[in-house]
Structure formats: C-alpha cells, structure tokens
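K.L.:
Below, each chain spelled out in residue letters.
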Amino acid sequence: MIYLQVLANGLVLGGLYACIAVGFSLVWGVLNVINILHGTFIVLGSYVAYYAYAYAGIHPFASVVIAGALLYVVGHGIQAGVINRVITAPVLITLTLTFGLDLMLNNAMLVAFTADYKKVNLANPLGSIEIGPVFLPGDRVAAMVLALLLTLLLYRLLRDSRIGRAIVAVRMDREAAALMGVDVKRINAVTFGLGALMAGAAGALLSIIYPISPLNSSMFLGKAFVVCVLGGLGSVPGAMVGGLALGIIESFGASWFGPEHAVTLSFGLLLLLLFVRPSGLLGKRGYE
Amino acid sequence: MSLLVLDNATRRFGGLNAVDGVTFSVEPGEVVGLIGPNGAGKTTMINMITGVHPATSGRIQFDGRDITRMRPHQIAKLGLARTFQIVQPFPKMSVVENVAAGALFAGGETSLKDAHAAALEHLRFTGLADVADRPAAALTLAQRKRLELAKGLAMNPRLLMLDEVNAGLNASEVDDALGMIRRIAERGVTIVLVEHLMKVVLAISKRIIVLHHGQLIAQGDPREVLRDRTVIEAYLGPKYAAAYSGGAA
Amino acid sequence: MKNWAILAAVGLAFAVLPLTGDNYLLRLATTVCMYAVLAQSWNFIGGLAGYPSFATAAFFGLGAYTSAVLQSFDVPMFTSWGAAGLVALLFAALIGGAILHLRGHYFAIASLVIAEVLREIVNTTPDLTGGGMGLNLPLMEGSSVAFEARFFFYAMLALGVLATAVAIVVHGSKLGFGLRCIQQNEDAATILGVNTYAYKTAAFSLSAVFVGIAGAVYASWVHYIEPPDVFDILLAVKPLVMVLLGGIGTIFGPPLGALLLLAFEELVWRNFLTVHAAVLGLIIVALVLFLPNGLLSLVRERLKRAGAPS
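Chains as they are written, first to last, in my numbering: chain S, 1 to 288; chain F, 289 to 537; chain H, 538 to 847.
FYI, nobody ran anything at the bench for these hints, they're computed from the structure. Treat each hint with caution, since some may be false.
Said to hold, decoys possible - With the C-beta cut set under 10 Å, the calculated list includes, among others, these residues of chain F facing chain H:
id, residue
1, Pro379
2, Glu385
3, Thr398
Positions of the beta carbon are idealized from the N, C-alpha and C atoms, including for glycine.
Same shape as in the complex, but just chain S:
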C-alpha cells in the first residue's frame, strides 16, 4: 500500500515537473537554444506570486496569469532584442549567451530580493485530501491540476491556432517554413516568450510548494534538462511523459535511497539516457 502513496506523490510531483519543463523543451526544440534563463524565469514567476499575495492578497493561483503575462513580455523582449542576433550560431554560442544573460538577471534578482528564502504562507490552505488509501496535500494537488491544465492549453494552442501551427512548422523545418511565408524571426520571439510565460506560470504555482530564492534557479533548470532528455524535445506530450517519469522515479528513489540522493539519481539517469537513447522516450532525432 505504501507504493500507492509513493506513486501518488510521484504523479503530483510529475505533473508539476512537466509544467516546469514544457517551456524549456519548446524553446530548445523550436529555436535550438538551451535557455539557461529558464530556471531564473521560474523563480521570477514565484516572486511575482509572492509579492502579489503579500501586498495585494492575490492568491498564487490567480497570479499564474499575472506572472505568465509579465514573463511573456520579458522573454519576447530578450529574444527579439538579444538572442535573435545570434540565433543561427552553433550551440556553444547560444548557450554561452543565455548563460551570460542568466548571470545578469539572477544577480539583479539577488540584489533586489536578497538570497533569503521566502515562503508563501496561505491564509486558507486546502489541507489534506484523502483519495482511497492515499493522502495528498490539497494545495499541491490543486497546483498540479492547474499545471496540467496549462500544459494542455499550450498543447491546444500549438495544435489549433495559426501561430501554433507556425511554431510547429519552424520546429520541423525552419527553412521550409520561411519559404511558406512564416516570419521566422517573429515566431522565434513568440516561442521564447511562450517558454518564459510557461516558466513564470509554473513559478507562480510552485511558490506554494518550494521556498523562493534566486539560488533555486539551477535546481529548476536541472529538472527541466532531465525531463527533456527523458521525454524528448519540442513536444508537449514529450514533456508530460518526461515530467511524470521523473516525478515517479524521484519519488521511488527518495523512498528507497533517501531524499538526499534524489538529485544524484536524476542526474545519473540523465547520463544513462544520454548514453543510450539521447532522443528520449518519445522524441525524434531532431536537432543534434
């Protein structure tokens, strides 16, 4: 019976991981850019939720919209203004660029908010939910449900809207898309903005679970990496599968080996997967 609890924990975690990673995966798959800023974007979203709650009483779940919108603007701006200049450069260059940008943004946040861990303490927490033999913290479940909803929304956007189809086209074949009349530069900026939006939204959701500090950005980034490699790049289903898989693996890993080894476990898994099947469980051999 304990396994059911561990599994349930893993699923809840996994849903959140999927949301954390989907924006990162999209940017990587479509723009072929590893966005080191992603972790910092998530933390920024968390701060938005924190301050919105502390000063205006806005529930973090509502802040999802605010954080998302704000981060979209930030992301779109950074991409259009800076990253787009070197978008066709090799991996090395774009990764180094986003690393440098991340140093700047993270440092700015450290100065503005200090490194002290902040926590959102909800006035009316949802308490524990009981589903059969399993106990789950209500707020986390709610966060996970919202995370999944968001991810699904993104999926629908990509499938059914004009801009979504354009994004997918650029992912498949940039040149062909350009020849079909797609404004690739604009799509790049929109996609990056969307990635930032998802990160900010995820951050707002995560604000009630994890303590908030710029020092956490690399943890989120690391998770996003692993999810992408597990599930494959550039696709929402891939991020979902990867996220759920990571959540379950970490949950069982923590219960068998202890939570302090969770990080090593996930990274070890990452390495193993890279050796064996770098395109992930679902992914195609896309951008090399």
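Dock chains F and H against chain S, hints included.
P.N.:
Relative to the frame of chain S, chains F and H by itself:
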C-alpha cells in the same frame, strides 16, 4: 581476384530494404556505371560499401578482405574512396589543405609537408592549382566538384566511387569531367560511377549495373542493358517499356 | 618556430615576476596561469575539435580530490599531483567513449552533468573525501607565506607553459589537423580516413589531464577544498569565455583570454562586489554578440590592414 564483391548485401532502414540482396563484383581496372531511377538505392549502396550505413545482412569484400563490419576510416585506408553527391568540403580550410587531408589520412603520406606536396600534384591534375590557397567555401560548384575528385584521388584509392560528379554542371564542364575520369581510369584506378547522364555512362563505362527499389535488375554491356525491357520499365513504366523494347532480353 | 619564441618570451617575462616582491600580484599571476591552463585545455576539445565541453569543472574537481585524498594517505605531494593528472586522463578516456558520439547540445549537457554526479559522489562518501565538510590538505614542511607564494606560482606557471607547449605541438601535428577536419565536417573526415573516435578521445583526454593537475595544485595551494568550490559550474564556463575572448582555435588566444578575464574580474571585484556576477554576465553577452572570434582576430585584422600593401 575481383576487387570488390557484394554477396547478397542488404541494408535495411526501419521496414524498408533500401538495398535488397545485391550481388555483383567489380574487377580491377574496370569502369562500371551504376544507374537506376531516383530512390533506387544507389547512394545507399555506396554508403553501405564504405561503412557509413553498414550492411544489415550479406557480405562485402574488398581486395580479398571482408569489410562488411569495418568502420569508414578503416575502409578508406584500405584504398576505397568515394565522393559525395552533395559536396562535403572542409569549408574554412584552403583548397590545398582539403586535398592534403585525403593524402595524409588515407593516401599514405606521413608528414604534413609531404601531404601538402602531394595535394598540389592532385590539384594540378584536376585543374585547381590556381585556387589552391583559397578557402574551399569560396569555390564555384564546378570547382567544388573537382575538389571532391581531387580529395578522392589524394587518398590513392584502388577503387574510386563517384556519386553524381556531374550533377549541376553544364555541358562543357561535363566534358571536362569526363576527360578527367578517363585519365584517372588510365592510371589504373578502378571506378564505379553513379550517373544520371546517359551520355556519360555510355561514353565511359565498360559495364553497367542497374538498381531499382534496392534490387539489382540488370547488368552487362551498356547498350544492351539500356535496351533491356525491365530497365526501361523501371525508368518509364510498363506502357513505354512495351512500346520501346525492341526484342532485347 | 615563431610560436616557441613567443612562449619562451612570455614564460620568461612571467618567471621574473617574483622579483617584485609583491605577494598579491604573485597571487593574481598564479590565478592567471591556472586560468590559462583551463582555457588552453578546453581549446583542445572545444576549439580544435568543435565539441562544446562543459566537463572542465568535473576534471578540476576530480584532480583536486584525487590529490587531496591520496595525500590524506600520506602519498607525497608531487606524486599525488601526477596521479591526479593520470586519473583525470583515464576518466576522460573512459567517459569519452560514452559521450563523444553525441553531438551538439546533448554532448554539452552530458559533459556538464558529469561534474554534478561527481560532486554528489564526493558528498556521499564523507569517510573518504570529507563529504560536504571539505578536506584539509597537509602543509609543506618549513614553508612560509612568501615561499609558498613563489612555489605555487612557479608550479602553475610551469603547468601553463607545459599546456601551451603541448598546444603548439598538437596544432602543428596530424592530430591537430585531423581535429580541425572533424570540427568542420565530421562525416567528410571519417570518409577521408580520419579515425574520428580516437582523435576525439585524444582531444578530450588532453582537455582533462592538465586541468586535473591544476586542480591538484590548487588544492595544495589553498589547503582546503570542498565540493561546491572545486566542482563549481563557473569553472566549466569561464574557460569557454576566456577562449572566446582570446580567439577560439588559436594557440595564444586562450592564455590571452585568461589574462583579460582575470583583469576584468579584479577590476569588477574591487569596484562592483555585489554585482560582479552580473558584470561577468555582461562581458559574456557583449563578447558573444560583438566579438565571437575573440580579440586575437581583431588584432590580426588590424595587422593585415596595416601591413598588407594595397
């Protein structure tokens, strides 16, 4: 002893046999044409022989040695060279450096200096001596094709496989290329020539092999093969084959 | 020939630095030499072969801990340094086999993650490595501050000169040529007879051995190491920045970049302590956007325009 022998060689991709049970051999000193409609598997076959996409079943022998499982660089060192249909230079290096690479890593030269000198020889042979120091990316298409050829020659091959060397060239460039290929053959290099241009194939091949859907459907004397009904059917479909086949096997 | 002359000149110029008697300057110079070793080593795999490796932190930490752990078992210092280099080399050769067939992003990530895994291994084996509490290194007998300042300066300088000497040899050799072919068109290189697997592994191993020794020397220099210190991700990124700054794929670009980066860091540290990470980030961004070929390329352009007759 045959120089190159394929024995029921097959290359499978997913559910498709891109090269399907092909058996043939190439004798030393021959010039063999390899033709077939688009998608017949000609380039795949070259990739299979050179180890880029190793055969999934069957055997390939070169100069008496089993090369079926060998890696591309090992096969190159044995004396089997190929050119790419879409040319593959080292864009930032100079023309002479490009060719020197071939001489150094497969052609048997032991020092950078010797490789450089050998490279210049091959450049003279292919008429590229005057652009020797320009970066490879700066060449015209015709020049790049000749650079591919020079690189292949620098490897001192016993067998040279040319994959559509004439694609994209105009008539006089094709004639030049033809002359060069003849001179290479005269030096004793065995040549397998993948070609779409029938004029080239007829002008230079002693023997042709025809591939269709990965299978070898005909081989033999060029003119006879081109009159073969199955060959015509592969290119033009059964209706025309019926109209054109004037009595050949 | 010219390259050897430059190396000799620079080496000599540095060698007389201790005469100034300024320990602080000596400490800076030691760091420059260490940075130069890291940058030069990275250049083998990142610049010549074109594989963006982030494994420098892994090799540095591995070397530091190998040496420190050996010395905790009373193995003499110099032997430990040598062992550190050897271990780093073997580790690279082994891991290389697993990750060098990956291209682009996947290779970069895999190389980055290695340091994380190593760090965690150190954290979870406290009996051997001191874990999160760190590890102390034995002091040298009869040493003084002044003596140590000079000793470690010369040690790092020697390592820097050695790394650059190897770079000069490799750049002009068949290996260097083959690596450049791999970087520009790996498929064509294979078909031409380059044993890409062996060459890449060689480059990766070269990128590890001097870094491993540098880690060992560093550990002895600072007398105390802990995981976040020697497996710091910045140790993986800074060599990249240095090489980009100085000129990727060149021989003297990496050490030049090392000098420049340290100069920047010193300036920033003194004047902008709280935002020094941001300033480093700004430098990186500016570099990538405006000077992707490094400063050496600028210098070359100037010389060409000045010297070439029209």
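K.L.:
Are the hints correct? Go through all of them and say.
P.N.:
Okay, the hints, checked on the actual structure:
{"no.": "1", "hint": "Pro379", "verdict": "holds (6 Å)"}
{"no.": "2", "hint": "Glu385", "verdict": "holds (8 Å)"}
{"no.": "3", "hint": "Thr398", "verdict": "holds (9 Å)"}
Taken one by one, the earlier hints all hold for this structure without exception.
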